[in-house]
Amino acid sequence: MKIVNSAEFREEIKSGVVLVDFFATWCGPCKMLAPVLEQVSEEMAGKVNVIKVDIDQCPDLADEFKIASVPTMMVFKDGVKVDMLVGFLPKDRITEVIKSHL
Numbered sequence: 001m002k003i004v005n006s007a008e009f010r011e012e013i014k015s016g017v018v019l020v021d022f023f024a025t026w027c028g029p030c031k032m033l034a035p036v037l038e039q040v041s042e043e044m045a046g047k048v049n050v051i052k053v054d055i056d057q058c059p060d061l062a063d064e065f066k067i068a069s070v071p072t073m074m075v076f077k078d079g080v081k082v083d084m085l086v087g088f089l090p091k092d093r094i095t096e097v098i099k100s101h102l
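Residue numbers are given in the working numbering: position 33 of the sequence shown equals residue 33, and the series is strictly consecutive.
Source of the hints: derived by calculation from the structure; they are not laboratory data. Since the structure is predicted, the reported quantities are computational estimates derived from the model, not experimental observations. Treat the hints loosely; a few may be bogus.
Said to hold, decoys possible - Think about it this way: if two alpha-carbon atoms lie no more than 25 Å apart in a straight line, the pair counts; the simulated DSS-like pairs of lysine-lysine are:
(1) K91 x K2
(2) K31 x K52
(3) K91 x K81
(4) K91 x K52
(5) K66 x K81
(6) K91 x K47
(7) K52 x K66
To be verified - Cβ pair distances, simulated, as ranges:
(8) P59 x M84: 17 to 25 Å
(9) M84 x R10: 15 to 23 Å
(10) W26 x S100: 17 to 25 Å
(11) K2 x G79: 17 to 25 Å
(12) K31 x D78: 27 to 35 Å
(13) E64 x G87: 29 to 37 Å
(14) K99 x P59: 29 to 37 Å
(15) A34 x M84: 14 to 22 Å
(16) G79 x M32: 15 to 23 Å
Using N, Cα and C, we set each Cβ at its ideal position, and we do this for glycine too.
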């Protein structure tokens, strides 16, 4: 799982299924979600790419995708947003949503 900037973000979401975690370093639920997403990334390696976007470092992306609260996760498929999850969620719920787009 890597933290990307605005330019890298565009490249990362171009193809395949990508889970994007919009987070902030000061956000408690974001910190709780990080190890869950690490597990998702490891367990679904080769099927989905998991990346992180720090909304304080990339306010342009936060504005573009209308991120109102963090954590917000979005699923992209071949560059198109296909799903969105808001708040801390259990791993099973996150993987269920991802699998629906594979």
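Hint-by-hint comparison with the structure:
no. : hint                   : result
1   : K91 x K2               : holds, 18 Å
2   : K31 x K52              : holds, 12 Å
3   : K91 x K81              : holds, 20 Å
4   : K91 x K52              : holds, 16 Å
5   : K66 x K81              : holds, 13 Å
6   : K91 x K47              : holds, 16 Å
7   : K52 x K66              : holds, 16 Å
8   : P59 x M84: 17 to 25 Å  : holds, 19 Å
9   : M84 x R10: 15 to 23 Å  : holds, 18 Å
10  : W26 x S100: 17 to 25 Å : violated, 31 Å
11  : K2 x G79: 17 to 25 Å   : holds, 18 Å
12  : K31 x D78: 27 to 35 Å  : holds, 31 Å
13  : E64 x G87: 29 to 37 Å  : violated, 20 Å
14  : K99 x P59: 29 to 37 Å  : holds, 32 Å
15  : A34 x M84: 14 to 22 Å  : holds, 19 Å
16  : G79 x M32: 15 to 23 Å  : violated, 29 Å
In summary, the numbered hints that this structure violates are 10, 13 and 16.
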